[in-house]
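*Asks:* Below are the chains, spelled out letter by letter.
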Amino acid sequence: MSAWKKLKQDRLAMCCLVFLSSVVLVGIFAPFFAPNNPVAVDTSLRFAGPSFQYPLGNDQLGRCVLSRLIYAIRPSVLLVLFALSITVMIGTVLGLISGYYKGRVDNVIMRLCDVMLSFPSEVITLAIIGIFGVGLQNILLACILTKWAWFTRVIRTAVMQFSEQNYVQFAKAAGCSTFHVLTHHILPMTLSEIAVIFSSSVCSLILQISGFSFLGLGMQAPTPEWGMMLNEAKDVMLSYPTLMLPPGIAVMLVSASFGFLGDSLRDAMDPKHEPAVTKRKKIRSTV
Amino acid sequence: MGKCRTMIGKKDINVKKNKRTKIIITGVLTVGLLTVVLIFSGCIQQKEQSEDEHTLIQASSHDIGDINGHLYGGAQMAQGMVYETLVENTFNGPKPRLAESWNISDDGKVYTFYLRKNVKFQDGEPFNAQAVKDNIDAVQRNKERHAWLALSSKIVSCDVVDNYTVNLVLSEAYYPTLNELGYTRPYSMMSPKCFLNGETKNGVSGHIGTGPYKLIDHVEDQYATFEANPNYWGGEPSIKKIIRKVLPTGQTTLLALQKKEVNFLCTESGGNMLDFQAIKDLEKNGDYQITQSDPVSTKILLVNTGNPDSPLADKSVREAVWYAIDRNSMAKLSGGEELPAETLMSKAIPYCNIDLKARSFDPEKARQILDAAGWKLKKGAEYRTRNGETLKFDLCYFSAKPEQKTMSELIQSNLKEIGIQLELIGEENNACYDRRKTGNYDMLFDVTWGVPYEPHCTANILKPGGSYDATTKGLPEAEKLNQEVDDVLASKDEATRKKLYAEIFTTVHEEANIIPLTYGHLTVIYPKNLEDVHFLQNQYEFPFKDLKFK
Amino acid sequence: MRNYVAKRIFAAVPLFFIISFCSFVLINLSPTDPAVAALRANDVPVITEELVEQTRAQLGLDQPLLIRYGKWLSGCLQLNFGQSYVKKISVSSLILPAFLNTLKLVTVTSVTIILLSTIFGVFCALREGSKADKGIRGILFVFTSMPSYWIGPLMIWFFAVQLNILPTSGIGNASHYILPVIVMSFSYIGFYFRLIRNSMIRNSGENYVLYEKASGLPDRLVNRHILRNSLQTAISGFCMAIPGMLAGTVVVENVFAWPGIGRLCVSAIFDRDLPVIQAYIIIVAAFFILFNLIADLISAAINPKQREG
Chain A
1 MSAWKKLKQD
11 RLAMCCLVFL
21 SSVVLVGIFA
31 PFFAPNNPVA
41 VDTSLRFAGP
51 SFQYPLGNDQ
61 LGRCVLSRLI
71 YAIRPSVLLV
81 LFALSITVMI
91 GTVLGLISGY
101 YKGRVDNVIM
111 RLCDVMLSFP
121 SEVITLAIIG
131 IFGVGLQNIL
141 LACILTKWAW
151 FTRVIRTAVM
161 QFSEQNYVQF
171 AKAAGCSTFH
181 VLTHHILPMT
191 LSEIAVIFSS
201 SVCSLILQIS
211 GFSFLGLGMQ
221 APTPEWGMML
231 NEAKDVMLSY
241 PTLMLPPGIA
251 VMLVSASFGF
261 LGDSLRDAMD
271 PKHEPAVTKR
281 KKIRSTV
Chain B
288 MGKCRTMIGK
298 KDINVKKNKR
308 TKIIITGVLT
318 VGLLTVVLIF
328 SGCIQQKEQS
338 EDEHTLIQAS
348 SHDIGDINGH
358 LYGGAQMAQG
368 MVYETLVENT
378 FNGPKPRLAE
388 SWNISDDGKV
398 YTFYLRKNVK
408 FQDGEPFNAQ
418 AVKDNIDAVQ
428 RNKERHAWLA
438 LSSKIVSCDV
448 VDNYTVNLVL
458 SEAYYPTLNE
468 LGYTRPYSMM
478 SPKCFLNGET
488 KNGVSGHIGT
498 GPYKLIDHVE
508 DQYATFEANP
518 NYWGGEPSIK
528 KIIRKVLPTG
538 QTTLLALQKK
548 EVNFLCTESG
558 GNMLDFQAIK
568 DLEKNGDYQI
578 TQSDPVSTKI
588 LLVNTGNPDS
598 PLADKSVREA
608 VWYAIDRNSM
618 AKLSGGEELP
628 AETLMSKAIP
638 YCNIDLKARS
648 FDPEKARQIL
658 DAAGWKLKKG
668 AEYRTRNGET
678 LKFDLCYFSA
688 KPEQKTMSEL
698 IQSNLKEIGI
708 QLELIGEENN
718 ACYDRRKTGN
728 YDMLFDVTWG
738 VPYEPHCTAN
748 ILKPGGSYDA
758 TTKGLPEAEK
768 LNQEVDDVLA
778 SKDEATRKKL
788 YAEIFTTVHE
798 EANIIPLTYG
808 HLTVIYPKNL
818 EDVHFLQNQY
828 EFPFKDLKFK
Chain C
838 MRNYVAKRIF
848 AAVPLFFIIS
858 FCSFVLINLS
868 PTDPAVAALR
878 ANDVPVITEE
888 LVEQTRAQLG
898 LDQPLLIRYG
908 KWLSGCLQLN
918 FGQSYVKKIS
928 VSSLILPAFL
938 NTLKLVTVTS
948 VTIILLSTIF
958 GVFCALREGS
968 KADKGIRGIL
978 FVFTSMPSYW
988 IGPLMIWFFA
998 VQLNILPTSG
1008 IGNASHYILP
1018 VIVMSFSYIG
1028 FYFRLIRNSM
1038 IRNSGENYVL
1048 YEKASGLPDR
1058 LVNRHILRNS
1068 LQTAISGFCM
1078 AIPGMLAGTV
1088 VVENVFAWPG
1098 IGRLCVSAIF
1108 DRDLPVIQAY
1118 IIIVAAFFIL
1128 FNLIADLISA
1138 AINPKQREG
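Chains as they are written, first to last, in our numbering: chain A, 1 to 287; chain B, 288 to 837; chain C, 838 to 1146.
The following block holds chain A by itself, in its conformation from the complex (with noise of 0.2 Å):
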């Protein structure tokens, strides 16, 4: 079974894979979804409940909840896959090396990831922050330079894996040029691994990159974030606890579908694995 006919068969899987290409489809063109301006502010609206041109409400400066929500998914969803995306051909390309090589250029490799990963991530993050200044854009380079080594990491353990198997070793005796070797016969192999890690590190980096928009280091004001979405109506939960419920999903509804939908890319890639469902059927079957 291909890996994607067991993935179209996960019925939750495939929800999760609708609802975040719509997801990011609405933040894409989110000034056709948006019914107004995120930015617009009217004090006269100040937490104005939902109301037919504001279905979420109103915030602190009568902002429309739901614009500011839909624009919130380009600097929370969209930038965050980009840096990861980043982070992905860093880490390939240095899994890449190390895994095929080994040797001294594997060890140097390793050791500095050993040093990367030994460094909390949040203290790395906080420490660029405090040398580059306030802003996404160092966020997500320190998470790039946070989350490489992981990535390395798991890919030169994969291709460490394939380039044992029989036929790299054939290409290689063939005569193909290591290049060849790499991006034809190792890098398909090990993007299973890559498709995995990547669904669910997205997963905790919209935690994470959002818990610091909610330190208040992350996005400037005014664009819309929902870390921040989140912090500016922690502060007024008491007199209105509805305003903590849109940013709050959506962070959760958008992580938790990248988390579903890692966990059951994995299952799918497995070629060892099939669901237990068809296994206890065959076994079934052969008695």
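What the hints contain is simulated information worked out from the structure, not anything from laboratory work.
By construction, the Cβ of each residue, glycine as well, lies at the ideal position given by its N, Cα and C atoms.
Treat the hints with caution; some may be incorrect.
What the hints assert, rightly or not - Derived DSS-like pairs: lysine-lysine, alpha-carbon spacing no greater than 25 Å straight-line:
hint: 1; chain 1: B; residue 1: Lys420; chain 2: B; residue 2: Lys430
hint: 2; chain 1: B; residue 1: Lys532; chain 2: C; residue 2: Lys971
hint: 3; chain 1: C; residue 1: Lys968; chain 2: B; residue 2: Lys488
To be verified - Partial chain C-side listing against chain B, Cβ under 8 Å, derived:
hint: 4; residue: Ile884
hint: 5; residue: Leu888
hint: 6; residue: Val923
hint: 7; residue: Asp1133
Given chain A, work out where chains B and C should sit, using these hints.
*Replies:* Okay, now just chains B and C, sitting in the frame of chain A:
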């Protein structure tokens, strides 16, 4: 045979499966039970823990720190409970505290203080002229540290005349001397026994003053406990115990108030904004009362005039900004805690009852000013331009203060209305202070210190080298302003002083280099049965000794 | 085995030095002058140049970087992290009680997480694909995806104020642990639960399981073997739970006013209290390395194959 074994195995599966489920269920139940037990034990212990009703438990966002009264690291509110000064600043000017009375020589250079006689430090040491000399000398030996306070550079010596009389000799006349001696720091009186080798600048061995409360317990970042001083010269305070608990600001504090884990809260002006609606609800529910002070400080925008390339070097742009900001809406953001401010100094501040032209919210006028200054709005354009340059500048605010962010967002939207592009930069405190010091900003959020520091301290920092100097650097009147500040601080009679202050603050107002936003109050939330709640002149302190329970 | 242990320990030592050096340099790159920050943290209202120079000399900041590093490191090795610029007391007397508080919270949380994730993990692995499995997986995923700064205040509001059965914040008796532990467990349990579940499932596809099943061993025994083997793979994950959480308590400590190391460090970062930040980094990093080492050694003891690698 093999078949047989598999069959047994299958039967096994079902039986074992049930067993396993049981084990798991038991496991989950045990954990659940444990939690419940923990919760109950928690409840029981909590009841024991709750303090008796006549203890004041204050919530505070930060630890009291090192409350050495000659330095600035500790919480001033706590320092004010433990230490006292010779003079007390009140709404009616300096009043006797540890000094019963004083004389000022005709040339204004010698101050003679007659000390109160029945005063002892909390460790039993007598308070006398020698103690005063020890304290003032210790402070003066660390003079660089107190450079912000002009008095520290003017004290020549402190001499013991007799056991209860001291002379303070100044190098020149300095009218705010009594006022500055009344600041809890640095000129507060600590027991000389606590000094380390006669010094206080490197720390002290104990925190012992003459004040109404003693610090008896302190756990860093958790709580500090104060007990009434039974031998206080003004009579033992009515509230015997005050615990100051460290809680994060905002909701946690309000929740703790609601649960009565704490029962007293004093907001810090310029600190974090509290959800005022929720505070009102607390009052409505009947357990708490609220009292608000008069305005104590002004939230302001510092405008950098020192950069000739910036559009803000032009007075008309600064005026347009002033007209464009909707202060009434801004004041409403705080839920009723603040008032719109039209002048840097409120009229209640000494020497500041000056008639100044209010620049009330008037976007149309702002547009006209900009048009006249050559900043035109092209058809269809969002922002104004002049000679191809867009009308655009930055506003820096303290990201740790959410209210500043909200206000900045409002200002941004106000300015957009008249075609100015405002970029917001929120940064942590140190980065903002760096900008203020080096003048690396277009506009910067700030809050004034309020009386008793005002107006003379604010006037003082307008001078070159002061922290507001970037706002005056580019003004045509810069030199005149500088001279006036020097003159006013050395002035000897009220009339000159009044005239000079009026000139200084009129210039600052006319030039619009410091744009006032709102006046902030202090708010205290306290138990219904607490009486005599009032405020001191200094917004950073609170008169706990005067409070009583019914 | 002895060789392996020696090799691993030997490799950990230079790592420690590199990390300490990196953190020292990194922190010293920050644009704000620590002398100025120290003055400001003490609320000195007006800072003059002479005052900065004086403070700089007082704090030993006028010496070259390498000398400062050397002094600092030799101090650290004797658990002397210097003086806090801001609080004027030794960093160790600040950081050690805070560290113990965090450690208490982290230990309780780790135990909770390990217990619950093993129970749920085994339960779900045995019923892979069933409704119960999907349900529990779903719920735990949702828990993990809830930002702790969101769920924390909500839980305080519900349990402490509405039901009035738990304290809102602070440290004290056992009841003070419940909310922070729950909120922290939420964010980590999903990961460890999946670790156990997936390694159980992977193991159940192994040949030895097929063989055991084929030879008719009772399921109970087979499952026990699977569990034992998957726990081995999970152990290294669990070992990293404590140091991982040490660094991740910042938000929870801030929400619940827990006087721990994360809160201390954040306030130090805002005050630029460099000695405290450096001590924080070095302590957490040392714990990271230590537990990494322990994890490696344990898995090497269990799985001899690894010792060769």
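*Asks:* Next, verify each hint and record whether it holds.
*Replies:* The hints, checked one at a time:
1. A C-alpha spacing of about 15 Å is found between Lys420(B) and Lys430(B), which places the hinted pair at or below 25 Å, so the restraint holds.
2. Taken as a hint, the Lys532(B) and Lys971(C) pair is broken in the structure, with Cα atoms around 45 Å apart against an allowance of 25 Å.
3. Note on Lys968(C) and Lys488(B): the hinted pairing is violated, with a Cα-Cα distance of about 69 Å set against a maximum of 25 Å.
4. Satisfaction of the interface hint for Ile884(C) is found here, the shortest Cβ-Cβ separation to chain B being roughly 7 Å, below the 8 Å cut-off.
5. Taken as an interface hint, Leu888(C) checks out: its beta carbon lies about 5 Å from the nearest beta carbon of chain B, inside 8 Å.
6. Hint on Val923(C) holds. Least Cβ distance to chain B is approximately 7 Å, under the 8 Å limit.
7. Because the smallest distance between the Cβ of Asp1133(C) and any Cβ of chain B comes to about 30 Å, over 8 Å, the interface hint for this residue is violated.
Consistency with the previously given hints fails for numbers 2, 3 and 7, ordered from lowest to highest.
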